[in-house]
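Residue numbers (numbering that gives the first Met the number 0), protein chains in the order written: chain A, 0 to 166; chain B, 0 to 182.
No false leads were mixed into what you were given.
No more than 27 Å apart at the CA atoms, straight line, and that leaves these computed lysine-lysine pairs for BS3-like:
| no. | chain 1 | residue 1 | chain 2 | residue 2 |
| --- | --- | --- | --- | --- |
| 1 | A | Lys40 | B | Lys148 |
| 2 | B | Lys159 | A | Lys17 |
| 3 | B | Lys88 | A | Lys44 |
| 4 | B | Lys128 | B | Lys159 |
| 5 | B | Lys133 | A | Lys13 |
| 6 | B | Lys88 | A | Lys40 |
| 7 | B | Lys148 | A | Lys13 |
| 8 | A | Lys44 | B | Lys173 |
| 9 | A | Lys162 | A | Lys89 |
| 10 | B | Lys159 | A | Lys13 |
| 11 | A | Lys13 | B | Lys88 |
| 12 | A | Lys40 | B | Lys52 |
| 13 | A | Lys17 | B | Lys28 |
| 14 | B | Lys173 | A | Lys40 |
| 15 | B | Lys52 | A | Lys13 |
| 16 | A | Lys13 | B | Lys173 |
| 17 | A | Lys44 | B | Lys148 |
| 18 | B | Lys52 | A | Lys89 |
| 19 | B | Lys128 | A | Lys17 |
| 20 | B | Lys148 | A | Lys4 |
Some chain A residues close to chain B (C-beta under 7 Å, calculated; not the full set):
| no. | residue |
| --- | --- |
| 21 | Ile6 |
| 22 | Val7 |
| 23 | Arg8 |
| 24 | Phe9 |
| 25 | Arg11 |
| 26 | Leu16 |
| 27 | Lys17 |
| 28 | Thr20 |
| 29 | Ala37 |
| 30 | Ala38 |
| 31 | Ser46 |
| 32 | Asp87 |
| 33 | Gly90 |
| 34 | Gln91 |
| 35 | Thr94 |
Chain B stretches covered by chain A per the calculated footprint, using a threshold of three residues with CB under 8 Å from any CB of chain A:
| no. | stretch |
| --- | --- |
| 36 | 4–14 |
| 37 | 42–50 |
| 38 | 70–76 |
Honestly, the hints are just simulated from the structure, not real lab data.
No residue lacks a Cβ here, since even glycine has one placed at the ideal position from N, Cα and C.
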Amino acid sequence: MDSKKVIVRFYRFKNRLKEKTAGLAPGKTSISTDALEAAEKALNKMSEDYPDWVSGLIVKLQEQHGRCVDTPEKRHEFFEEINHIAHDMKGQGGTFGYPLITDFADSLYGFTVKKPGDISDNQIELVKSHVDSMRAVIRGRVSGDGGEIGAELAKSLEEAIKKYADK
Amino acid sequence: MSDYDFDRVNVLLAEDSPFIRSLLVNSLKVLGVGNVFAVEHGGDAIHFLQRVKNEPMRVGVQQIDIIISNWDMHPIDGMMFLRWVRRHKDSPDRFVPFMLITSYTEPERIIQAREMGVSDMLAKPFTIKHIGEKLISIIERPRQFVHTKDFFGPDRRRQKLEHAGPERRILTDKSEGVEIIRG
Numbered sequence: 000m001d002s003k004k005v006i007v008r009f010y011r012f013k014n015r016l017k018e019k020t021a022g023l024a025p026g027k028t029s030i031s032t033d034a035l036e037a038a039e040k041a042l043n044k045m046s047e048d049y050p051d052w053v054s055g056l057i058v059k060l061q062e063q064h065g066r067c068v069d070t071p072e073k074r075h076e077f078f079e080e081i082n083h084i085a086h087d088m089k090g091q092g093g094t095f096g097y098p099l100i101t102d103f104a105d106s107l108y109g110f111t112v113k114k115p116g117d118i119s120d121n122q123i124e125l126v127k128s129h130v131d132s133m134r135a136v137i138r139g140r141v142s143g144d145g146g147e148i149g150a151e152l153a154k155s156l157e158e159a160i161k162k163y164a165d166k
Numbered sequence: 000m001s002d003y004d005f006d007r008v009n010v011l012l013a014e015d016s017p018f019i020r021s022l023l024v025n026s027l028k029v030l031g032v033g034n035v036f037a038v039e040h041g042g043d044a045i046h047f048l049q050r051v052k053n054e055p056m057r058v059g060v061q062q063i064d065i066i067i068s069n070w071d072m073h074p075i076d077g078m079m080f081l082r083w084v085r086r087h088k089d090s091p092d093r094f095v096p097f098m099l100i101t102s103y104t105e106p107e108r109i110i111q112a113r114e115m116g117v118s119d120m121l122a123k124p125f126t127i128k129h130i131g132e133k134l135i136s137i138i139e140r141p142r143q144f145v146h147t148k149d150f151f152g153p154d155r156r157r158q159k160l161e162h163a164g165p166e167r168r169i170l171t172d173k174s175e176g177v178e179i180i181r182g
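Work the whole structure out from these sequences, hints included.
Here is the structure:
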C-alpha cells in the first residue's frame, strides 16, 4: 500500500448494530479483523494527543492575562475566568497522561480563587509564569512526571511563585 | 419499534446533571436497551472506555455499541471526549456511533461537532420519541467513515441524490488516491 498517494480512505463496514438488534446471524456480529487491522494501521498515523486540543484553553488563559494587564480595574472579573479554565485543566491533565498540567493548573486555580482586596501586578505576573510553564509542557509534550525536564519546569515555576508571592 | 431488540445493545452515557442522567437512563431502559453505563463527565467516560479495552471481563462488557454524551460538562466536555474517541491512539473503537446532546443548536456549533466526527445530535429538550428515532437512525442509516488529511468521521454527506448530468466529482471509488477498506 503506497500510503503517500492515498487522498481519501472510505471505511465501509457491515452493519454490526443492525445484526445485533434485528437478531440476525447470532455470533457473527464483528467487523473482520483484517479490515480492522487495515483501518488501525492507517488511523495510527493520524493519532492525536491532548496537546493537540488543549492549546485553545492556553490561548484563552493568555488572553485573560493580557486583559488583566490592560484593564486593571476589571481584574476580579478576569481572574474568575482564569480560575474557571484552571479548574477544567486541573481535571483534564491526569486523564490524558499529563499530570504536570494538573499540577500547574491546580496551583493556578489555588491563587485565583476569589478573595477580597486588590489583585496586585505580582499576581498577574504569576499568572503569566503558570501559563508559560503549561505552554512548555504542551510544546514539549512532557507527559507523565516528565523526568528531568518535568522537574526543571516545576522548579522554575516554584521559583516564580516565591519571587512574586508577596502577599 | 417492535422490530428492534435493543436488549444486547450496550450504551455508554456521559451526562453531568443527575436529573437528566436518570431521565436518559430510564428512557433508554423503557426503549429496551439492555445495558446502560452512566458516567458523570467526559473524563469518567474515557476512563471507562480504557477499562473496557483493558479489562472487559471485570467491567462486564466487551464493547460499547453507542455513546451518548452531553456537550457542556466539566472538566472534560463532550467535544473533547468525542475527539478522544475518534482520534486518540488509546481509543478502543474510533468508529463507534457517537451522539452529542446539546442545547447549543446554533449552526456553527453543529458544524463544529460534525467536523469532529459526531454521528448524530440530540437537541435539548428531548422526548423519549426523539431518543428512539435517533437510535433507529444510528442503526438503520449508518454512514461510511471518511478519512482525509483534515477530517475523520462519518460521511458528512447524508443524502444520496440522483444527478442527471455527467459525473463531475473529481474522486470516485475507482480513482487513484481512493482507498476503500471493507469489513
